[in-house]
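Trainee: Chain residues, written in single-letter form:
Protein chains: 2
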Amino acid sequence: MRKAGGDEGGGGSSKTAEQPEAKTPAGAALSKLSDTTIGPDWTKVSCPCCVSERVEPLVLVKLGEKVRPETKRWLIRVIGAPQKDGGAALLAHPGEEATGDIMVLSAPRCTLLKATEELGLCKTYRNGEMEAFSYNDRDNFKDSDNMEVFLTLAERQYIVKYELDGLRAQRDLRIPGLSDALQHRDNIWRKLGSAGVIVDTLPLHNPNQLKDLSEAWYAGNQLAQPLDSVNGYFGSSVAFYFSFLDFYTWSLLPPAILGLTITYFSGEVQKEMEESLSGSSATNDDESGPAVSGHMIQAVFSMLWSTVVMELWKRRSSSLSYRWGTMNLAERFAEPRPGFHGGLGVNPVTGRVEPLFPDWQRDLRIALVSIPVVGLFLGLVVLGMLCFYWGEAQVQELHRDWDSLLSQTLLYVPSVLHISYTNVLATVYRTVAKSLTEYENHREESAFENHLTAKVLVFTFFNYFAVLFHIAFFKQDVPLLRKRLASLLIITQLVNQVTEVVIPFLVDRFISAPHRTESEDDPQEDKFRNQSTLPTFPGLFAEYIELLVQFGYLSLFSCVFPLTAVLLLINNLTEIRTDAYKICKLFRKPFSPPAANMRVWQIAFEVLSFVSVVSNCWLLLLSPWLQKLFQEGGLSSTNVLLLAVLVEHVLILVKVVLAVLIPDEPDWVRKKREHIEFTSMQALREQKLHCEGS
Amino acid sequence: MRKAGGDEGGGGSSKTAEQPEAKTPAGAALSKLSDTTIGPDWTKVSCPCCVSERVEPLVLVKLGEKVRPETKRWLIRVIGAPQKDGGAALLAHPGEEATGDIMVLSAPRCTLLKATEELGLCKTYRNGEMEAFSYNDRDNFKDSDNMEVFLTLAERQYIVKYELDGLRAQRDLRIPGLSDALQHRDNIWRKLGSAGVIVDTLPLHNPNQLKDLSEAWYAGNQLAQPLDSVNGYFGSSVAFYFSFLDFYTWSLLPPAILGLTITYFSGEVQKEMEESLSGSSATNDDESGPAVSGHMIQAVFSMLWSTVVMELWKRRSSSLSYRWGTMNLAERFAEPRPGFHGGLGVNPVTGRVEPLFPDWQRDLRIALVSIPVVGLFLGLVVLGMLCFYWGEAQVQELHRDWDSLLSQTLLYVPSVLHISYTNVLATVYRTVAKSLTEYENHREESAFENHLTAKVLVFTFFNYFAVLFHIAFFKQDVPLLRKRLASLLIITQLVNQVTEVVIPFLVDRFISAPHRTESEDDPQEDKFRNQSTLPTFPGLFAEYIELLVQFGYLSLFSCVFPLTAVLLLINNLTEIRTDAYKICKLFRKPFSPPAANMRVWQIAFEVLSFVSVVSNCWLLLLSPWLQKLFQEGGLSSTNVLLLAVLVEHVLILVKVVLAVLIPDEPDWVRKKREHIEFTSMQALREQKLHCEGS
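If you read the sequences in order, they're chains A and B.
Its first residue numbered 64, the first sequence is counted upward by one per residue in my numbering.
Its first residue numbered 64, the second sequence is counted upward by one per residue in my numbering.
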């Protein structure tokens with residue numbers, strides 16, 4: 064347990080803490096705070112093995128403008144104090160002036176290594192295999208003396224944040240220069256944040272690495288992404304997104320080729336294009352036999368394709384997770400997340416004293432509060448849609464009666480109202496979802512993220528697809544669906560690219576950048592400060608949902624518009640570059656916790672792939688060609704329906720069988736994982752006596 | 064690695080082996096081979112901590128009649144030799160005469176404890192929690208000095224078998240008195256079995272425990288089964304079967320009550336009974352409104368009920384597994400099963416040298432050999448059914464044309480032919496399935512069992528249900544289905560009870576028993592010998608399949624015959640007693656490996672529960688009442704079908720959601736399991752150096 068405060072007078076800790084204060088007034092050179100800064104300005108390390116020539120600035124902390132010098136001194140002392148005295152055992156640099164509003168943090172070797180063990184990261188053992196890192200056995204791991212090779216930049220920065228988030232008051236105490244008091248076990252970093260002492264905590268870019276990365280990633284014409292470097296620089300959560308984007312884009316090739324071939328051979332290229340671009344619903348009655356079977360092939364192919372792709376991705380994902388050392392994360396055994404609260408008690412799993420919160424109470428909150436509220440919002444979406452349809456009908460009637468300029472303008476009113484209603488609802492919902500998830504009080508950060516993502520996901524998905532489903536299942540109007548789908552595909556992709564990249568780029572170039580001109584001679588601190596003027600990285604939610612919606616268009620409705628895959632392929636090839644550019648240049652570097660997979664997104668994609676069978680079978684059933692064909696074949700509509708149901712069940716069965724038969728991890732990863740489990744079991748047996756508690 | 068043979072002259076091992084031979088001619092009393100036998104006749108233990116006053120006879124080995132004394136002496140030496148010298152480190156007793164055809168085996172404390180660790184059993188730690196047993200830490204486990212409390216009888220006996228199965232030749236050697244030679248790493252026990260030296264290896268009954276158990280189990284009128292004692296006496300695989308039988312029987316109460324209520328209130332009791340007993344298909348046209356909704360309630364209820372029951376059973380199963388210490392079995396880290404073969408190599412998981420067999424080769428064998436062969440047999444079942452229908456049609460036509468006594472007899476020919484065809488096919492298939500699974504070369508015993516069970520399961524299931532499905536889906540004849548179902552339920556249950564219990568009981572009482580009269584004065588050895596005259600326990604396959612078929616009748620077709628649950632409940636209440644009687648009295652005691660759940664049966668029940676939705680929705684759709692109702696309501700048949708499909712999808716969705724939402728293990732078990740995982744992770748970290756290999 065890490066606890067803070069207290070030991071004002073206690074030996075080593077107070078000595079190290081006094082250091083910066085004593086030195087900075089003595090005129091330490093400002094340029095010292097660079098990549099090659101040596102000793103003096105940084106807090107001293109108590110542990111002899113961690114003393115190094117060179118301290119790497121990892122994280123920038125921005126303090127409030129009104130923070131008093133004694134508060135900052137106290138803070139630096141706490142950050143530098145060893146963990147047994149309740150500190151974070153990190154290195155702190157007070158910036159140019161001891162009283163300035165920034166601090167730069169780094170971490171000594173021992174802190175990094177201990178946190179690596181706590182997080183459950185795997186690292187290369189001396190025999191070349193990945194093994195769960197063990198602090199006691201550190202000398203047998205490769206490169207464990209050189210932190211900049213042993214841990215990636217993203218890991219080092221995440222560890223600093225992890226230590227800061229873990230700071231807890233060791234007893235009730237006052238923070239110098241602040242009126243608020245800390246109570247026993249209060250989370251110090253959260254408290255300082257809410258008291259306005261700490262405004263921002265952000266990881267710093269490493270300009271050289273960033274330059275290399277961007278050259279390998281999006282500057283040239285390379286086809287493959289440098290995923291290992293992305294993982295090293297931005298962390299595994301980000302790297303998993305880009306890996307999936309990559310994998311998914313390449314796996315679009317088969318359906319794209321098939322779609323092109325079918326469209327070409329059925330001689331429909333021009334018509335499809337015209338239709339999709341002009342939006343006019345051409346009559347489908349004259350379509351010929353081959354097209355029918357082509358569409359059916361396309362539909363069946365895309366249904367099976369989606370399962371195979373998701374299964375193969377799971378295999379790829381598990382081998383990436385082995386490669387990046389995140390296959391054995393120990394989050395559930397670590398300290399709870401900062402926002403977690405509950406009565407103090409002994410954790411039955413780890414034996415540590417920490418806040419506990421009964422699971423049934425969380426389940427109750429989810430069942431009685433979260434689910435009804437989410438349901439209410441989904442109801443509001445449907446209500447909005449109904450109002451929109453009603454409004455549109457009213458307005459059109461009005462327009463037919465009056466036919467004036469005013470009434471023509473009125474025609475747009477329902478759409479505008481509906482769009483703004485949807486947007487307001489989405490914003491409100493996002494806040495509500497966050498508080499709901501906070502209220503559910505999850506112990507682990509990942510559980511929190513998963514529940515929040517799931518909530519927003521359901522809503523966003525509903526929001527995007529409600530209209531399409533309405534057209535497909537209630538209006539049963541295939542041409543309208545096709546028109547809508549084509550326009551959605553083209554328009555939303557254009558809009559997305561513009562809002563996501565072009566606007567931030569323009570803002571950055573012409574509004575922010577002039578205030579941020581950099582030159583070689585600038586003091587290092589100003590360069591750091593510049594980074595904090597960039598907007599915060601909005602997270603990967605929007606990126607993932609974009610992919611999911613794409614995947615939805617493709618798998619749910621592909622049989623009505625076979626060129627979907629082609630359009631998506633083109634979009635994604637640019638998307639990779641723009642996303643890479645965005646995260647490198649337009650935003651602050653994000654903290655990224657180690658991740659073993661795409662978490663809840665994986666499930667979302669898989670669920671969609673099963674829903675797609677139902678939707679495709681239904682759409683095929685609706686298709687006028689097929690109905691005509693069956694009528695000619697002398698089948699009654701009941702029999703056609705029965706046939707469709709049969710086909711649907713068979714396809715679902717095939718998908719389930721495929722999903723079960725394709726192992727979720729490649730054989731070699733399974734063996735490595737089992738080896739890690741075996742080693743851990745062996746270790747338990749070798750132990751003479753159990754470690755009671757920890 | 065255990066290896067055998069060799070060290071003829073090596074110190075302690077040869078001394079212990081010489082012992083029995085030296086003593087028995089000197090006239091050791093025959094009665095010494097009793098429960099309280101003291102020292103002399105047993106082989107000596109080399110380990111001082113294992114010397115005990117009392118040796119418990121655990122396993123009887125029956126040798127071939129022509130086995131020469133030197134072979135038996137060699138065998139006893141190998142069994143008694145320590146594991147490092149390639150022996151089994153067990154205790155052996157040569158029986159009355161050194162040259163006789165039986166041996167009695169037991170196991171000393173150290174061997175038992177080491178095997179407990181190897182098997183990955185959990186035992187009570189001194190703090191009262193279950194922990195994975197560790198030999199080094201043995202003194203901290205409760206009762207680890209008293210093997211008869213620490214391990215159950217079933218576990219002790221299984222460990223003896225486990226050690227015997229693990230005997231492997233340490234180098235090429237000749238067995239004295241046999242012409243065959245053993246090659247390096249040959250499995251000794253298998254070799255001796257195929258050479259006719261060893262005829263039988265069977266665990267011995269403990270008469271006192273058996274008496275207590277049978278009194279608590281089936282002799283009285285008690286409602287609850289003594290499951291812990293069953294686990295102790297017969298092992299966890301058997302105990303899991305009886306626990307499931309118990310759980311399933313009680314969970315039949317709700318559908319039985321509902322079925323009775325509905326049948327009673329719709330005033331159909333008499334009719335249903337008459338129909339089911341006389342087999343006459345009453346006209347259903349006059350049935351009234353309430354009955355319709357009653358059947359629908361019954362169907363929907365039973366569809367959801369099956370999921371809830373299976374989920375709750377999983378929870379119960381995991382808490383039983385914790386209670387019985389089998390939650391952390393380490394089979395995949397242990398030695399491969401005796402029949403496993405492959406090139407020698409280093410196992411990448413455990414680092415031990417052992418036979419390896421690539422997974423892809425096994426997958427290939429499954430895909431290219433097993434699946435086609437199984438498919439062929441399923442095809443033969445269908446072919447048989449088609450021939451039967453064709454034959455029946457032919458014969459009936461013939462009968463209509465001729466109408467003589469001969470033609471009336473001919474009417475039965477197709478049925479008789481079909482039944483004998485089915486039986487022959489089933490017997491052949493069972494042999495084929497066994498060789499196929501042997502050919503697939505599974506490494507673990509449980510994998511072998513699972514694959515074998517799955518194969519036989521699919522076939523048996525097909526065999527049982529093909530006709531019913533044919534009636535339901537192709538003939539679409541609900542009254543016939545009802546008739547068939549009722550007769551199947553009643554007849555097969557009667558037949559089963561008779562063949563399973565009454566016949567073995569009669570055979571035992573009137574044919575075998577006269578040759579096996581026991582009296583108190585008999586020498587102990589004859590009592591042991593008597594046990595080997597009982598027939599071998601046929602395993603739980605037939606019992607499980609009976610339950611599965613029941614469950615199938617209930618969940619797949621319950622809506623056509625609402626009294627199914629009532630009949631099953633009555634059957635199962637007697638089934639519990641008869642099964643218990645059977646395993647206690649009519650068969651040899653079986654060896655039972657520790658098991659953590661019902662394995663493949665769990666999956667079979669769950670799959671059935673999903674198939675039931677499809678089948679029930681279809682049957683409801685077929686029901687004449689419903690069709691009439693809809694016609695009156697003015698719905699077209701297409702719309703009715705659409706509605707049914709919608710209902711089906713919603714029900715499947717609800718079942719999936721239920722299955723996901725109900726956790727598979729109770730919270731307290733999850734916490735204990737995570738605690739065990741955490742301890743194991745901690746242990747790994749505490750270790751200074753990794754254990755390379757084992």
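Be aware that one or more of the hints could be misleading.
Negatives, chain B to chain A, calculated, CB over 12 Å [what the hints assert, rightly or not]:
id, residue
1, S115
2, Q146
3, M359
4, L531
5, S700
6, R736
Here are some of the chain B residues that sit facing chain A, going by a computed Cβ distance under 7 Å [as the list claims (entries may be wrong)]:
id, residue
7, I429
8, E737
9, F741
10, S743
Source of the hints: derived by calculation from the structure; they are not laboratory data.
Keep in mind that this is a model prediction, so the values were computed, not measured.
The beta carbon of each residue, even a glycine, is placed where N, CA and C say it ideally should be.
Trainee: Now tell me, hint by hint, if it's right for this structure.
Mentor: Verification of the supplied hints:
Its beta-carbon lying about 25 Å from the closest one in chain A, B:S115 satisfies the requirement of being farther than 12 Å from that chain. With a minimum CB-CB distance of about 16 Å to chain A, B:Q146 clears the 12 Å threshold, and the non-interface call stands. A cut-off of 12 Å between C-beta atoms confirms that B:M359 is not in contact with chain A; the least separation is 19 Å. Taking the minimum C-beta to C-beta distance to chain A, about 18 Å, the non-interface status of B:L531 holds against the 12 Å cut.
The Cβ of B:S700 sits about 5 Å from the closest Cβ of chain A, inside the 12 Å cut-off, so the non-interface label is violated. Its closest Cβ contact with chain A, about 9 Å, brings B:R736 to no more than 12 Å, contrary to its assignment away from the interface. Hint on B:I429 is violated. Least Cβ distance to chain A is approximately 10 Å, over the 7 Å limit. A least Cβ separation of about 4 Å between B:E737 and chain A falls short of the 7 Å threshold, and the interface hint therefore holds.
The beta carbon of B:F741 is positioned within 7 Å of a beta carbon in chain A (closest approach about 5 Å), and the interface hint is therefore held. Annotation: B:S743 was flagged as interfacial toward chain A, and the flag holds, the nearest CB pair being 4 Å apart, inside 7 Å.
When held up to the earlier numbered hints, the structure conflicts with 5, 6 and 7 and fits the remainder.
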